[in-house]
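J.: Sequence:
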Amino acid sequence: MVTEFFLQDPYYSESNHSFSCKATFDDNTNVSLEIQQCNGNSYETLTDDSDFALIETLDNGIAGNCTHQISIVYSFNFTTASNGTLLRCLAVDNTLKLNTTVECLRLVLQRPVFVEMTPMTLYARLDNASELKCSIQYRGYAWSTVNILQQNTSGSVLLLNVSRDGEVESKNARINGSVTISEDYINVTVSFDISPGLGVCELNQTYSCEIQLLDTSIATTTANSTLLLEIPPSNLIVETLSSTYYGLIFETINCTANVNPNTTVMSLVGKTAESLNDYYPAERNNLQIFVDSENKIGCYPTLQAVFSKLEFFLSSYNWVGCVANDTVNGQSYITEFKQVSVSIIN
Numbered sequence: 084m085v086t087e088f089f090l091q092d093p094y095y096s097e098s099n100h101s102f103s104c105k106a107t108f109d110d111n112t113n114v115s116l117e118i119q120q121c122n123g124n125s126y127e128t129l130t131d132d133s134d135f136a137l138i139e140t141l142d143n144g145i146a147g148n149c150t151h152q153i154s155i156v157y158s159f160n161f162t163t164a165s166n167g168t169l170l171r172c173l174a175v176d177n178t179l180k181l182n183t184t185v186e187c188l189r190l191v192l193q194r195p196v197f198v199e200m201t202p203m204t205l206y207a208r209l210d211n212a213s214e215l216k217c218s219i220q221y222r223g224y225a226w227s228t229v230n231i232l233q234q235n236t237s238g239s240v241l242l243l244n245v246s247r248d249g250e251v252e253s254k255n256a257r258i259n260g261s262v263t264i265s266e267d268y269i270n271v272t273v274s275f276d277i278s279p280g281l282g283v284c285e286l287n288q289t290y291s292c293e294i295q296l297l298d299t300s301i302a303t304t305t306a307n308s309t310l311l312l313e314i315p316p317s318n319l320i321v322e323t324l325s326s327t328y329y330g331l332i333f334e335t336i337n338c339t340a341n342v343n344p345n346t347t348v349m350s351l352v353g354k355t356a357e358s359l360n361d362y363y364p365a366e367r368n369n370l371q372i373f374v375d376s377e378n379k380i381g382c383y384p385t386l387q388a389v390f391s392k393l394e395f396f397l398s399s400y401n402w403v404g405c406v407a408n409d410t411v412n413g414q415s416y417i418t419e420f421k422q423v424s425v426s427i428i429n
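Taking my numbering, the leading residue of the sequence shown gets 84, the next gets one more, and so forth.
Please note that the accuracy of each hint is not assured.
As the list claims (entries may be wrong) - With a Cα cut of at most 20 Å, we get these calculated EDC-like pairs of lysine to aspartate or glutamate:
| no. | residue 1 | residue 2 |
| --- | --- | --- |
| 1 | Lys379 | Glu322 |
| 2 | Lys216 | Glu252 |
| 3 | Lys216 | Asp92 |
| 4 | Lys421 | Glu366 |
| 5 | Lys354 | Glu419 |
| 6 | Lys216 | Glu186 |
| 7 | Lys392 | Asp409 |
| 8 | Lys354 | Glu322 |
| 9 | Lys105 | Asp142 |
| 10 | Lys392 | Glu313 |
| 11 | Lys180 | Glu199 |
| 12 | Lys216 | Asp267 |
| 13 | Lys354 | Glu313 |
| 14 | Lys105 | Asp176 |
| 15 | Lys180 | Asp276 |
| 16 | Lys379 | Asp409 |
| 17 | Lys105 | Glu186 |
| 18 | Lys180 | Asp109 |
| 19 | Lys254 | Glu285 |
| 20 | Lys254 | Asp276 |
| 21 | Lys354 | Glu377 |
| 22 | Lys216 | Asp142 |
| 23 | Lys254 | Glu214 |
| 24 | Lys180 | Glu117 |
| 25 | Lys216 | Asp176 |
| 26 | Lys421 | Glu334 |
| 27 | Lys392 | Asp375 |
| 28 | Lys216 | Asp276 |
| 29 | Lys421 | Glu322 |
| 30 | Lys216 | Asp248 |
| 31 | Lys379 | Glu334 |
Just so you know, the hints here were simulated from the structure itself, not pulled from any lab data. A quick note: this is a predicted structure, and the numbers were derived from the prediction, not measured.
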């Protein structure tokens with residue numbers, strides 16, 4: 084009676100997650116068709132398992148030979164269904180007291196390999212221990228290597244690779260690694276040497292973790308993390324053109340420092356002799372920012388914030404300084420103050 088029991092071998096994440104069974108019966112109504120789960124010498128109907136759902140039942144008569152064909156289609160949850168579940172199709176004719184089945188077939192799910200890196204952003208300070216972790220749920224698939232790569236403007240550079248025998252090889256003197264391997268997971272720890280000196284600035288990049296499987300048909304993911312060096316501003320100064328300002332359009336006060344231009348806000352601040360411990364920011368309406376990437380000192384380029392049209396500001400505050408605010412760690416750095424005066428030309 085069972086004419087077809089179809090299970091794809093294997094199922095992939097992008098596959099049609101269903102299977103079907105067909106059977107042909109004599110032309111009577113006291114028949115049944117079901118798919119069962121094989122558990123040793125016992126069998127359970129799939130309707131008792133929430134990972135499987137009956138989505139279609141068709142009953143078509145076959146003209147001319149007094150028979151009809153029943154087909155059933157089940158879907159399954161690819162994420163939660165048990166890989167390797169044994170299934171069979173059972174057809175029963177209660178009138179003729181007949182039943183027939185097929186051998187139990189294995190539901191093979193070739194789930195993708197998921198890669199995760201933590202933390203997504205690693206804030207690293209000089210001389211502090213800094214680590215990224217890569218966790219791979221490789222599901223027991225055969226693999227050759229795990230690679231840690233650095234992503235930069237020119238492409239990717241291999242920094243660390245792990246072989247399946249647990250050997251870790253580093254391509255960079257400032258990077259080391261270790262690995263633990265279980266039946267389901269590969270966990271790689273990447274350690275960075277953030278001590279001052281040659282090469283530390285180049286660590287300020289995005290890193291990716293990937294696994295090379297022997298079966299290239301299995302889908303894998305790549306995970307990324309970014310290392311951000313938390314280095315205080317250097318060479319922070321306030322530049323005044325003179326000690327007296329006349330309210331002319333070309334007169335400026337500049338704040339200059341070597342900073343990360345993506346995470347630093349430069350401000351001109353002022354105070355009076357009476358408010359030595361309190362300072363107030365200048366308006367930023369007439370602010371221009373210049374970044375000189377060619378003039379690097381340490382890890383960062385020279386950033387110059389140019390403030391103009393300051394006559395109102397200088398009429399209120401006769402001591403000026405600059406503040407560099409790091410938006411990542413919330414710390415502020417301030418220069419010494421310079422005394423200036425304003426003399427408006429009418």
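J.: When you check the alpha-carbon spacing of Lys421 and Glu322, does it fall within 20 Å?
T.: 9 Å, holds
J.: For the pair supplied as a hint, Lys354 and Glu377, is the alpha-carbon distance within the 20 Å limit?
T.: Not OK: Lys354 and Glu377 at ~34 Å, beyond 20 Å, violated.
J.: Given the hint that Lys354 pairs with Glu313, does the C-alpha gap stay at or below 20 Å?
T.: Between Lys354 and Glu313 the Cα gap is close to 29 Å, so the pair fails against 20 Å, i.e. violated.
J.: Hey, Lys180 versus Asp276, does the alpha-carbon distance stay inside 20 Å?
T.: 77 Å, violated
J.: When you check the alpha-carbon spacing of Lys392 and Asp375, does it fall within 20 Å?
T.: Violated, because 24 Å separates the two Cα atoms, which is more than 20 Å.
J.: If you draw a straight line from the CA of Lys379 to the CA of Glu322, is it 20 Å or shorter?
T.: 19 Å, holds
J.: So if I understand the rule, the pair passes when the alpha-carbon distance is 20 Å or less; does Lys254 with Asp276 pass?
T.: 13 Å, holds
J.: Holds or violated: Lys180 and Glu199, Cα atoms, limit 20 Å.
T.: Since the Cα atoms of Lys180 and Glu199 sit roughly 56 Å apart, the hinted pair is violated (cutoff 20 Å).
J.: Against the 20 Å threshold, does the CA-CA distance of Lys216 and Asp92 hold or violate the hint?
T.: 34 Å, violated
J.: Straight-line Cα separation of Lys216 and Asp267 no greater than 20 Å?
T.: 16 Å, holds
J.: With the threshold set at 20 Å, check whether the alpha-carbon distance from Lys216 to Asp248 stays at or below it.
T.: 19 Å, holds
J.: Take a quick look at whether Lys216 and Asp276 sit within 20 Å of each other, Cα to Cα.
T.: 15 Å, holds
When each numbered hint is compared with the structure, violations occur for hints 3, 6, 7, 10, 11, 13, 15, 21, 22, 25, 27 and 31.
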